[in-house]
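Undergrad: Please model the complete structure; the sequences and the hints are all you need to start from.
Chain by chain, the residues run as shown.
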Amino acid sequence: MRCGRALLAIAAAAPLHAGAIPPAEAQFALQQLAPGVFVHLGQQLALDAPGHDDIANIGFIVGQRCVAVIDSGGSMRIGRALHAAIRRRTPVPICYVINTHVHVDHVLGNAAFLQPRPKFVGHAALPAALARSREFFLQHYADDLDQPPGAAQIIAPDITVGERLELDLGGRRLRLQAWPTAHTDCDLTVFDDRSGSLWTGDLLFRDRLPAVDGSVGGWLGVIDQLAGLHVARAIPGHGPVAADLAAALQPQRRYLRALLDGVRGELARGESMQHAIAHVAISEMPNWLLWDDTHARNVTRVYQQLEWE
Amino acid sequence: MHTRLLKRLCWSLLACCGPSFAVSDAQTPASGAWEYLQRQFYPDATLGLLDDNYMSLEAPANTPDPSATPLTLHFGAAALGHIRQIRVIIDNNPSPVAATFNVAAGARVAEIGLRVRIDRYTSVRAIAETGEGRFEMRSTWVNASGGCSAPPGPMTAGTLGEIRFRPSPDSHSMLISVRHPNNSGFQIDARSGEPIPAHYVSHIRFSVAGQTLLEADTGISLSENPTLRIASDRPLVAPITVDMVDSNDAHFNASWSGALAESAASGAAPGAGGTR
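Going down the list, the sequences are from chains A and B.
Numbered according to my numbering, the first sequence spans residues 902 to 1210.
Numbered according to my numbering, the second sequence spans residues 461 to 736.
Simulated from the structure, these hints should not be mistaken for laboratory data.
Treat the hints loosely; a few may be bogus.
[As the list claims (entries may be wrong)] Examples of chain B residues toward chain A, derived with CB under 10 Å:
| id | residue |
| --- | --- |
| 1 | 525 |
| 2 | 575 |
| 3 | 626 |
| 4 | 633 |
All residues carry an ideal CB built from backbone N, CA and C; glycine is no exception.
TA: So this is what it looks like as structure tokens:
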């Protein structure tokens, strides 16, 4: 405790000495979408650009007894900024930190929520996905963790969701649903029944080109199911909040369909991976941000998967 | 000195501003590995460097996937029927010689495509030797990291050693996909934390109409599920046969009879697979 106070004192004093490092909270914009539903919209930046730790939409939902955090951001810096933002809004304890999937921009802030430790919640496949990624995170995203970076900062779920799970926050229930392999193999959505808000995680990308780390065919199937849901609003993993979920899913469906059909055609004609990268779904380019960073990787991945379908 | 500086400048410009698929047009600087290999394999050879109409090497400047980076070698009309051997060298990989292709005399190979692991920022080079003793080298930079230690993908379909054939509609090219982990020896099993032993395709023979067109000695730099794409200026005549050996001395082979050409071209069936 004494130690904690000392750290707090240092943290409070730090900005006075280190003018080059602005306190993250000062720039940490938060929107209230409905009573008790708060989102911080990430920036549309590349994964290796400065500010890459702040690219995902993250936020929290406040009940009478509990706060649930939905994704913790791409660094301890962002996780702490989110934590501080919650503490400014409500004294209600943080009971749950839900991770919508394994990607860095959604999980690396987890360790900012350890005091006191909440229950971490994720898809049943998330622990294995984190185990596969841990080394990669430590090698490539060490600067986004506290120094020295260590595996203990990459936190796996205490509660896993095989199909569905309800969390009672007091006066509102969250319905969590685990999906078959789509964007990743561990995608989880969170629906707040009181406000009708659906947090899609990266099952929905808006404006930013979707990244395929799971199965493009599986994702198209999940999109069909999501499009049938009646929700008041959808909070995508990246991009602006959508009032009309079915309409918001359309551009992504069109791109993924072009990707799947295009790569299938390239393989049927025995074309090389390079040819596929240069030709598949190219007409989609003007519709998306960060095309160069992601499209070639998507084609590469889908090509390797379809080779053996 | 000025020339070298200029070349370096060209390359740094290409690396940041060039197209994502750079075609080689100058020599990348020598590395320790290349200097050693050059003394070993080409001690007295004069290496032609410039004529892209004769031969070119295509690779992504920034690879979308370090563990499966596509490389394509193109041979122009003047080279057809003359190339006898091609070495593909990835300077900064733990085992730099990725593949050595020995081409049958007179075989009109217009293109060879393969997928490789790239461990870190490196020159990738291809050195071709003609039957007349001419040597040509093309090289390019590839920016990547971690291709040799990338975790293995899930084996969700296919069996070890399964081979699929995908001809082009005009039969001038054949894409061969091999189901094989091609473990580099630098990968870790995420569950046990133990290193996965090297287990790789070591030899591939590609035959057309009963005649060997080319043979390749290969190693740990080939990607998981290796591929080989061969193109000619003439139709590749069935039967096309692939014979393969891996580092555990397992033998695999499969043939494409030509009968599947229509279905493969229309996408109805991916091709024939067979294992011993």
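Undergrad: So which of those numbered hints doesn't the model satisfy?
TA: none
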